[in-house]
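What follows is each chain in one-letter form.
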Amino acid sequence: MVPLSAYVAVSAVLFMTGLLGVLIRRNFIIVLMSVEIMMNAANINLVAFSHYLESMAGQLTALFFIAVAAGEAAVGLAIIIVVFRGKVSTNVDEMNVLKW
Amino acid sequence: MVALFFAYFALVSIAAGVLTVSLKNPVHCGLALLALLMHVSGLFVLLNAEFLWAVQVIVYAGAILVLYLFVLMLLNLKADERYFHSSYPYFLGPALLGAGYVIFLLIRSPFAGVKGDVPDAAVLEHGDTYAVGIKMFSDHLLQFEIIGVFLLGAIIGAIVLAKTPKSIDPMSGKE
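Chains C and E are the protein sequences, given in the same order. Heads up, the first sequence is in this note's numbering, so the first residue is 1 and it goes up one at a time. Heads up, the second sequence is in this note's numbering, so the first residue is 101 and it goes up one at a time.
No lab work stands behind these hints: they were computed from the structure. Do not take every clue at face value.
[To be verified] Rough simulated footprint, nothing fancy, chain E against chain C, three-plus residues with beta-carbon under 8 Å: (1) 11-24; (2) 34-48; (3) 66-75; (4) 79-92.
[Stated by the list, open to error] Calculated pairs, DSS-like style, for lysine-lysine (alpha carbon to alpha carbon, straight line, at most 25 Å): (5) Lys87(C) <-> Lys99(C); (6) Lys215(E) <-> Lys87(C); (7) Lys87(C) <-> Lys178(E).
By construction, the Cβ of each residue, glycine as well, lies at the ideal position given by its N, Cα and C atoms.
Between the sequences and the hints, there should be enough to build the whole structure, so can you do that?
Right under this line is the structure:
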């Protein structure tokens with residue numbers, strides 16, 4: 001039997017990988033992919049706790065998270081296309097119009 | 101046997117996550133993300149969550165990832181450079197030590213808690229889809245409706261954002 005802490009450790013490692021990707025990559029699309037990695041890590045946590053604590057609420061929350069991830073991907077990629085149309089680049093360092 | 105499958109899915113998903121972050125070509129990153137999503141869905145099967153397995157494969161791998169690949173091919177990106185902060189070796193050691201300590205604590209923790217009302221036997225009796233459906237359309241109906249409205253807003257927002265902007269040339273708006 002796999003202990004719950006093993007799932008939590010896997011999810012922690014995946015979350016840190018995604019966070020590192022958000023911090024070190026400069027391509028906006030890769031940054032969004034790293035956010036997806038972090039969402040998957042959170043989903044592993046939710047489903048693992050749902051299984052080991054014998055409650056259905058975790059799986060439902062994971063389901064709603066997947067729906068939110070779908071909406072986030074659609075809007076994020078639309079923003080990427082809008083930015084790419086203005087300046088032909090997806091480098092996050094060049095997106096500084098809103099910087100004060 | 102379950103432990104063997106767990107080790108496989110866990111190690112491959114971590115390796116695929118590292119590849120997603122570290123590969124240079126964005127399309128390769130997308131394919132590594134696909135491997136990650138498939139192996140995370142394998143972890144869901146080990147946790148008796150077959151419905152989430154199906155949702156993960158259909159929505160994540162089938163819809164979201166295809167959207168990413170479409171945008172990648174639409175923009176025709178070149179492999180990009182990675183920038184590291186000039187003093188990153190000074191942060192690397194403490195960061196690895198801290199991460200190792202957190203994982204050590206996580207593995208040692210017992211994580212006991214109040215048990216809910218859906219034990220394994222109840223899930224396996226009618227299947228996971230039945231259990232999720234009964235719970236979603238009784239206790240979590242409001243969240244379900246909110247997600248519906250949220251997705252509608254996301255669709256409209258994405259269309260409005262990505263629409264080709266109308267020309268703001270003053271002469272063209274005269275007719």
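The hints, checked one at a time:
{"no.": "1", "hint": "11-24", "in the structure": "holds (count 9)"}
{"no.": "2", "hint": "34-48", "in the structure": "holds (count 8)"}
{"no.": "3", "hint": "66-75", "in the structure": "holds (count 10)"}
{"no.": "4", "hint": "79-92", "in the structure": "holds (count 7)"}
{"no.": "5", "hint": "Lys87(C) <-> Lys99(C)", "in the structure": "holds (16 Å)"}
{"no.": "6", "hint": "Lys215(E) <-> Lys87(C)", "in the structure": "violated (54 Å)"}
{"no.": "7", "hint": "Lys87(C) <-> Lys178(E)", "in the structure": "holds (15 Å)"}
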